[in-house]
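A.B. asks: Here are the chains, one letter per residue:
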Amino acid sequence: MAGLTADWARDWVRLAAASVAEHRAELGALDRDIGDGDHGENLDRGFTAALAKVQDGAAGTPGAVLRLVATTLISTVGGAAGPLYGTAFLKAAEAAGDADTLDGPAVAALLAAARDGIVLRGRAEPGDKTMVDAWSPAVDAAAAAAAGGAEPAEVLREAARAAGEGAAATEPLVARKGRASYLGERAVGHRDPGAASSALLLAAAAEAAGSR
Amino acid sequence: MAGLTADWARDWVRLAAASVAEHRAELGALDRDIGDGDHGENLDRGFTAALAKVQDGAAGTPGAVLRLVATTLISTVGGAAGPLYGTAFLKAAEAAGDADTLDGPAVAALLAAARDGIVLRGRAEPGDKTMVDAWSPAVDAAAAAAAGGAEPAEVLREAARAAGEGAAATEPLVARKGRASYLGERAVGHRDPGAASSALLLAAAAEAAGSR
Amino acid sequence: MKKLLRDPRTLVRDGLDGLAATHPGLLRVEAGPELVVRADAPVRGKVGLVSGGGSGHEPLHTGFVGFGMLDAAVPGPVFTSPTPDPILEATRSVSGGAGVLHIVKNYTGDVLNFEVAADLARAEGIDVETVLVDDDVAVQDSTHTAGRRGVAGTVLVEKIAGAAAERGDDLETVAAIARGIVADVRSMGVALAAPVVPHSGLPSFDLADDEIEIGIGIHGEPGRERIPWEPVDGIVARLLQPIVDDLPFTSLDDVLLLVNGMGGTPLLELSVVLDAANQWLSDRSIHVARTLVGSYATSLDMQGCSITLLRLTDERKALWDAPVETAALRWGR
Amino acid sequence: MKKLLRDPRTLVRDGLDGLAATHPGLLRVEAGPELVVRADAPVRGKVGLVSGGGSGHEPLHTGFVGFGMLDAAVPGPVFTSPTPDPILEATRSVSGGAGVLHIVKNYTGDVLNFEVAADLARAEGIDVETVLVDDDVAVQDSTHTAGRRGVAGTVLVEKIAGAAAERGDDLETVAAIARGIVADVRSMGVALAAPVVPHSGLPSFDLADDEIEIGIGIHGEPGRERIPWEPVDGIVARLLQPIVDDLPFTSLDDVLLLVNGMGGTPLLELSVVLDAANQWLSDRSIHVARTLVGSYATSLDMQGCSITLLRLTDERKALWDAPVETAALRWGR
Ligand SMILES: Nc1ncnc2c1ncn2[C@@H]1O[C@H](COP(=O)(O)OP(=O)(O)O)[C@@H](O)[C@H]1O
Ligand SMILES: Nc1ncnc2c1ncn2[C@@H]1O[C@H](COP(=O)(O)OP(=O)(O)O)[C@@H](O)[C@H]1O
Ligand SMILES: [Mg+2]
Ligand SMILES: [Mg+2]
Ligand SMILES: [Mg+2]
Ligand SMILES: [Mg+2]
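Chains as they are written, first to last, in the numbering used here: chain A, 57 to 268; chain B, 57 to 268; chain C, 878 to 1210; chain D, 878 to 1210.
Each hint should be verified, as a subset may be incorrect.
[As the list claims (entries may be wrong)] Now the stretches of chain B that chain C is said to cover, found in silico as 3 or more residues with beta-carbon under 8 Å:
id, segment
1, 93–106
2, 129–139
3, 233–241
[What the hints assert, rightly or not] Some residues of chain C that are not near chain B, with every Cβ distance over 10 Å (derived):
id, residue
4, Asp962
5, Arg999
6, Ser1077
7, Ile1104
[As the list claims (entries may be wrong)] With the C-beta cut set under 10 Å, the calculated list includes, among others, these residues of chain C facing chain D:
id, residue
8, Asp1087
9, Ile1091
10, Ala1114
11, Arg1115
12, Leu1124
13, Leu1129
14, Leu1144
15, Ala1154
16, Asn1155
17, Gln1180
18, Gly1181
19, Leu1189
In case anyone wonders, no lab produced these hints; they're calculated from the structure. Glycine residues also receive a C-beta, built at the ideal position from the N, C-alpha and C atoms.
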């Protein structure tokens, strides 16, 4: 099986946009519980714009597509998630460089760069009940899979699975970053919306890779 | 049977204050339906103050008691009812002059003067759905009774009966004066609060006369 | 009922104490009877302006006491006209020898109590003129009725007459200018939710979740029709059409547009109403030369707004633009 | 949901159009991206002040653009931080050569988007300093958390830093003055009813008829405790005690007291809160030297208020008293 191309990256954006649109209300509800309720709407706006941007196929490498996504998310999402996801995609694009295709280790490195970008911007640590709690296990799982010689699609499936588990594992936590941190103990029992959306994004990446 | 004295006037105020206090909520409810809901409260405040003023017994004639009531109502009631009832009592006091006692015709004249005072201030005509619709039939009934030689207590009983009927008869009317006039047809079916309180005041006057 | 208050019985007084503490250099609050008086009253040789009425409409009238507007305001109990005593006392306090103008919203209670007070003041040798404000087109007018209510247009009368008095116009002139404003000002309001009256703790009328009430007054009175909610342009048309028809305002008129909040509606929504009103008026070539947006003549915590139009002349523009320094309106100093 | 609006999607834009029409001489509203900019920006040689954040808090920040306060405001969608693009554009628009100060309420979204914009502006050669406002004592602060929220104290930072910039202070000085205010200002709020968020049409939290929520923010977040309604003195004590304990404010301190309405609470109630706060502070010999009462940092139509205290110095008093001319605050000119 070949490495992931710019078409994979475009498919990722398309599937991510569809998934965010489908789960828009659900993400909004999670955010209403412990934040301000706009997370679904913010991401929907951003991925709709990103999809429009990448659709024409002008970007020839995965890195070029991801860079377009990054700048579009930064310009359209707003809130906390805009700069965080924007930085994630920017760092992912940098990691992808100008390669035409990405193999398993490259995909794992790209996810690690994305996670590092989020941490750099948001200064959250694992366990703070943020999207980092989805990305960190995802990065670890991807690294392990890539080290075991897995194909890119398998690396992403592992990452998505771990992100989903990480998102679920935010429920018992008290938040130390973002709006949910204002709630103290009252945030316990609720899933972090950014972790939930991160799991959706990584699932879309895996699906895009699996379908080719 | 002797004429009505200053003690009658004081008793009137006492019984009026008690009656207004008892019907405070009911008058408020009538006023809420087609006005602003404060009629019971306004009158309660005024008659409580008037009672405190006349209680010491310094006023030696019915006219002096009624003049004290007039100035107190003007200073304490506010709203439309304050100047209207204040003027009524002022004109009644003028009609009573400095007589020590009032016979039937004097009582009828006093009521007519009160009604004229209300009309002078408020410029309402019979049928405008105001307190005038209680006072006008009361004045007519009192005049007829006095002309027939009735005692003061009987004159007041006739007036009170006619005022009660007059108040009830405001229900089908459209209002042309006061706040209820803003409602147009929507005032139909509601009793005018000022007519209702006028009937209570005249009933108190009759009761005060009957008990001596 | 949930409100930020101590006790409904002390609400008016507590609010006055707060006002006095906020603006010590501008006004003083007197206690027996309760009045708000400009700090430097009486201003010698200036016509004194007194207004008042039931409380619950803040900043009307107490927030308009100061330089270039009212000399005194007489706050009655919530939604209840004050008695003649404080009105008389206010009239005395602001009488600087050039006479006193009473600006009275046209409600029977206000009219009668101010009338008694004016009679008593005249008996003391104070020259008193009275101007009745009756700008609310929601109410049918006729010589046989109590006539129209005075609502937010009162703010414009107080500002413009206040500027005339401040520049030294005599009583007759100030009264004539005020009556000119009354002749050329029209208003109409809408409620999204009724006010909760402190004494009863109850909303003064009931509206369903999707209903609005067109043509409401400022005392919790219901209006003239109840309709389903609709977007702001429709609501604005329902307010502006009867206003414009009534005077009538016509194409090429210069107007002052006041979008007034009812107490429970935030500025963001009022700005949207302003935008919609501007569009509606510009479609009819009525030229908005001056604008005021904010909660100036309120009805406790009622949600909704009113729109007021005043036909402008050059003199009125100059008087509107003249300096004013009050708790609620301030510019030029 | 009943609100005076066209469509939740155009709400912010429609409100800006209303603002622009009301104050043509003071500010202009730009469309792509959406900004409110002082009419005479950039002022050559003056430090430019930019603030912004989610909409729904009007007049914050757009109503504070003008002489002696902000040079530009960047309004995001309702309760959602703007993206870096308009912040960068605002920064460019007000850059008069003396640098630009970003005044940012401490929310992760605002902080991050302003941070990105500041980086981009610096890359273009504009000197940018950032001040984070975090005055809300309802939130536990710690170096491991997002920290406190910025609420109504922001108004005081904008006014006082704005006056310093207007008198010609350089960027470093204006930033230091602003940081000094942040160090000495504390706030806390209460809700009687939650705001109704336009997009969802739902109240952002539910309160029973006799409940109030202490320690709420300005984005419809619930607060730190829910208690039965009580008279205003009790509520005021629950807000002021944590404020005073936190700094701490002590006896004989000179303070500025801001009683801020949340959007759905009328001025009369705010005046009563002011009165209660004055009594509470005077019992502790804390001296209220300046007062501001009104709805300045709102949360849509939320009912409730916040109280803010700022420790004053002679310089801060002078900067507070300095002339300001904006849509929502105006004195001295
Ligand atoms: N400092 C941070 N680091 C990482 N993620 C964060 C941080 N702060 C917030 N988040 C994430 O952002 C999500 C909220 O995003 P969103 O609702 O779009 O922004 P806002 O809180 O500004 O409304 C949270 O659920 C959390 O996962
Ligand atoms: N012009 C008038 N002439 C006679 N009575 C009037 C007039 N206007 C109002 N009233 C009476 O006053 C009553 C209302 O009194 P009240 O509620 O105390 O005053 P307000 O309307 O100012 O609240 C009405 O029910 C009516 O009987
Ligand atoms: Mg959010
Ligand atoms: Mg009444
Ligand atoms: Mg009344
Ligand atoms: Mg948000």
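A.B. asks: Give a verdict on every hint.
C.D. replies: Against the structure, the hints come out as follows:
A stretch counts as covered by a chain when three or more of its residues have a beta carbon under 8 Å from one of that chain; for the segment 93–106 of chain B and chain C the count is 4, and the coverage holds. Counting residues of the segment 129–139 of chain B whose beta carbon lies closer than 8 Å to any beta carbon of chain C gives 10, which reaches the threshold of three, so the coverage claim holds. With 7 residues carrying a beta carbon less than 8 Å from a beta carbon of chain C, the segment 233–241 of chain B meets the three-residue requirement, and the given coverage holds. Listed as a non-interface residue, Asp962(C) fails to keep its Cβ farther than 10 Å from every Cβ of chain B; the least gap is roughly 5 Å.
Residue placement check: Arg999(C) keeps its beta carbon more than 10 Å from all beta carbons of chain B (closest about 16 Å). Chain B draws Ser1077(C) into its interface by the beta-carbon criterion, the shortest separation being 7 Å against a cut-off of 10 Å. In this structure Ile1104(C) is separated from chain B by more than 10 Å, as the shortest Cβ-Cβ distance comes to about 15 Å. The interface hint given for Asp1087(C) is met, as the beta carbon of that residue sits about 7 Å from the closest beta carbon of chain D, less than 10 Å.
Hint on Ile1091(C) is violated. Least Cβ distance to chain D is approximately 13 Å, over the 10 Å limit. Evaluation of the Ala1114(C) hint against chain D yields a violated restraint, the C-beta minimum of about 13 Å exceeding 10 Å. The interface hint given for Arg1115(C) is violated, since its Cβ lies 12 Å from the closest Cβ of chain D, which is over the 10 Å cut-off. At about 22 Å, the closest approach between the beta carbon of Leu1124(C) and any beta carbon in chain D exceeds 10 Å, and the interface hint on this residue is violated.
The criterion of a C-beta within 10 Å of any C-beta in chain D is not met by Leu1129(C), whose closest approach is roughly 19 Å, and the hint is violated. Restraint check, Leu1144(C) versus chain D: the minimum CB separation of about 4 Å is within 10 Å; hint holds. At its closest, the beta carbon of Ala1154(C) sits 9 Å from a beta carbon of chain D; the interface hint therefore holds under the 10 Å criterion. Given the 10 Å rule on beta carbons, the hint for Asn1155(C) holds: about 5 Å separates it from the nearest Cβ of chain D.
A cut of 10 Å between beta carbons decides the hint on Gln1180(C): the least distance to chain D is about 7 Å, and the hint holds. The beta carbon of Gly1181(C) is positioned within 10 Å of a beta carbon in chain D (closest approach about 8 Å), and the interface hint is therefore held. Interface hint at Leu1189(C): violated, since its Cβ lies 16 Å from the closest Cβ of chain D, which is beyond the 10 Å cut-off.
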